[in-house]
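Can you build the whole structure from these sequences, using the hints too?
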Amino acid sequence: MFEIKRSTNGTVQLHGRFDASQVSTAKEVLSLVDNSCVVDFSELSYISSAGLGLLFATQKRLVDNGGALTLANLNPHIREVFRIAGFDNIFEINE
Amino acid sequence: MRRGFRREIDALEEVFRFLEDFVDEAALDEGAAFTINLVVEELFTNMVRHNTGGGEFIDLGIERRGDVVHLELVDIDVDQFDPTEAPKPAIAAEIENRRPGGLGLHIVETMVDTLEFDYETESRRMRVSVTKLLEP
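Protein chains in written order, with the working numbering: chain G, 1 to 95; chain Y, 1 to 136.
Hints are computed from structural coordinates only; laboratory data are not their basis. Hints are supplied without guarantee of correctness; some may be wrong.
Said to hold, decoys possible - The following label-pair restraints were derived from C-beta to C-beta distances:
hint	chain 1	residue 1	chain 2	residue 2	range
1	G	K5	Y	G102	29 to 39 Å
2	G	G67	Y	G4	40 to 50 Å
3	Y	E85	G	E43	23 to 33 Å
4	G	G16	Y	G4	21 to 31 Å
5	G	D88	Y	T84	37 to 47 Å
6	G	D88	Y	E122	41 to 51 Å
Stated by the list, open to error - Derived lysine to aspartate or glutamate pairs resembling EDC-like cross-links, with alpha carbons at most 20 Å apart:
hint	chain 1	residue 1	chain 2	residue 2
7	G	K60	G	E92
8	G	K60	G	D40
9	G	K60	G	E43
10	G	K5	G	E43
11	Y	K88	Y	E116
12	G	K27	G	D64
13	G	K60	Y	E94
14	Y	K88	Y	D113
15	G	K60	G	D34
16	Y	K88	G	E80
17	Y	K88	G	D88
18	G	K27	G	E3
19	G	K27	Y	D10
20	G	K5	G	D34
21	G	K60	Y	D113
Unchecked claim - The following residues of chain G were derived to be distant from chain Y, with all beta-carbon distances above 10 Å:
hint	residue
22	N9
23	H15
24	I93
Computed from a predicted model, the values in this text were never measured in an experiment. In this text, a Cβ means the ideal position worked out from N, Cα and C, and glycines have one as well.
Structure below.
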C-alpha cells in the first residue's frame, strides 16, 4: 500500500511502499509541486529506482526554476539506496 | 519456492506477497528482506520493460541455502538482451549532468554478491541469477 499527500504546510508525505506500480499515483502529486518543499519519508518503508527516478525528475524541474526538494526522515535502508544511487549530490537529505 | 508471475508491472503486488512468504520461511531480518524485495523488483521490472517477445509469465525461484539467498528470474521466448551492456549511470555527476536510467541495475549490482545473465539461443531463454550473502 502506498499513499502520497501534501500537508497544509506544503510538506509532501510518503506512506507505505513506493514501488514501480505506484509511480503514476506519486506523479499526480509531485507534478503539482512548483516550489521548494520538504518530502517526509518517516512513514515510508520501501522505495525502488522507479520512485528515485520520479523524485529525480521533480528535483531537476524545481532546480531549473530556482527551487529544490529537501528529503527528511529516511529509514536506514532507504538512506542507503539514495547513497548507492549517488543522490547525495542531488538532494539535501536531513538525517 | 518457485512461481510464475504475469508479465506486467501490476504483478508486483503478487511478487511482494510471494517474497513475504519467503522472508518468513527463511527467517530473514529486515535489512535482508528490504534488499531481496528491491533486487527482485528491479530485475522483474527490467524484464517487463526491456525484454521483447516473451510468454505470459516470468518465473521467479528463490531459496535460502545456509547463509546465502539464491534467486533467479527466467524469461522464455525473448529476444537476446544483455542488461549489463546498458549505459551506466553517472552517479558522481551533479544534477545538471545526470540522466535518468540505469539506476536499477546499478543498485542491484551494488547490493548483491553475484549477478549473472545468461541466454540460450535455441530456447530463447533468458535467465538472471543472483546470490546474496546474509549478514550474521
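To see whether the hints hold, each was checked on the structure:
Range check, G:K5 to Y:G102: about 30 Å between beta-carbon atoms, so the 29 to 39 Å window is met. Between G:G67 and Y:G4 the beta carbon distance is about 45 Å. The supplied range of 40 to 50 Å therefore holds. Distance hint for Y:E85 and G:E43: a CB-CB separation of about 38 Å, inconsistent with the stated range 23 to 33 Å. Remark: the range hint 21 to 31 Å for G:G16 to Y:G4 is upheld by a beta-carbon distance near 26 Å.
At about 25 Å, the beta-carbon gap between G:D88 and Y:T84 misses the expected band of 37 to 47 Å. At about 46 Å, the beta-carbon gap between G:D88 and Y:E122 stays in the expected band of 41 to 51 Å. Between G:K60 and G:E92, the direct Cα distance comes to roughly 13 Å. Compliance with the 20 Å bound is thereby established for this hinted pair. Distance hint between G:K60 and G:D40 is fulfilled; the C-alpha atoms sit about 18 Å from each other, no more than 20 Å.
For a cut-off of 20 Å, the pair hint linking G:K60 to G:E43 is broken: about 24 Å separates their Cα positions. The suggested pairing of G:K5 with G:E43 holds, with an alpha-carbon distance near 12 Å, which does not exceed 20 Å. For the suggested pair Y:K88 and Y:E116, the alpha carbons sit about 17 Å apart, so the restraint of at most 20 Å is met. A hinted pair counts as satisfied when its Cα atoms are at most 20 Å apart, and G:K27 with G:D64 qualifies at roughly 18 Å.
At most 20 Å may separate the alpha-carbon atoms for a hinted pair to count; G:K60 and Y:E94 meet this at roughly 11 Å. Taking the CA atoms of Y:K88 and Y:D113, the gap is about 19 Å. The hint holds against a cut of 20 Å. About 11 Å separates the Cα atoms of G:K60 and G:D34, which keeps this hinted pair within 20 Å; it holds. For the hint linking Y:K88 to G:E80, the alpha-carbon distance of about 19 Å falls within 20 Å, and the restraint holds.
Between Y:K88 and G:D88 the alpha-carbon distance is near 18 Å, which keeps this suggested pair within the 20 Å criterion. Our distance criterion of 20 Å between C-alpha atoms is met by G:K27 and G:E3, whose separation comes to about 12 Å. The straight-line distance between the Cα atoms of G:K27 and Y:D10 is roughly 16 Å, inside the 20 Å bound, and the hint therefore holds. At most 20 Å may separate the alpha-carbon atoms for a hinted pair to count; G:K5 and G:D34 meet this at roughly 15 Å.
Proximity of G:K60 to Y:D113 is assessed by CA-CA distance (about 32 Å); at most 20 Å being required, the pair is judged violated. Every C-beta of chain Y lies more than 10 Å from that of G:N9, the closest at about 25 Å, which supports listing it as non-interface. With a minimum CB-CB distance of about 16 Å to chain Y, G:H15 clears the 10 Å threshold, and the non-interface call stands. Listed as outside the interface, G:I93 is consistent with that label: its C-beta sits roughly 14 Å from the nearest C-beta of chain Y, beyond the 10 Å cut-off.
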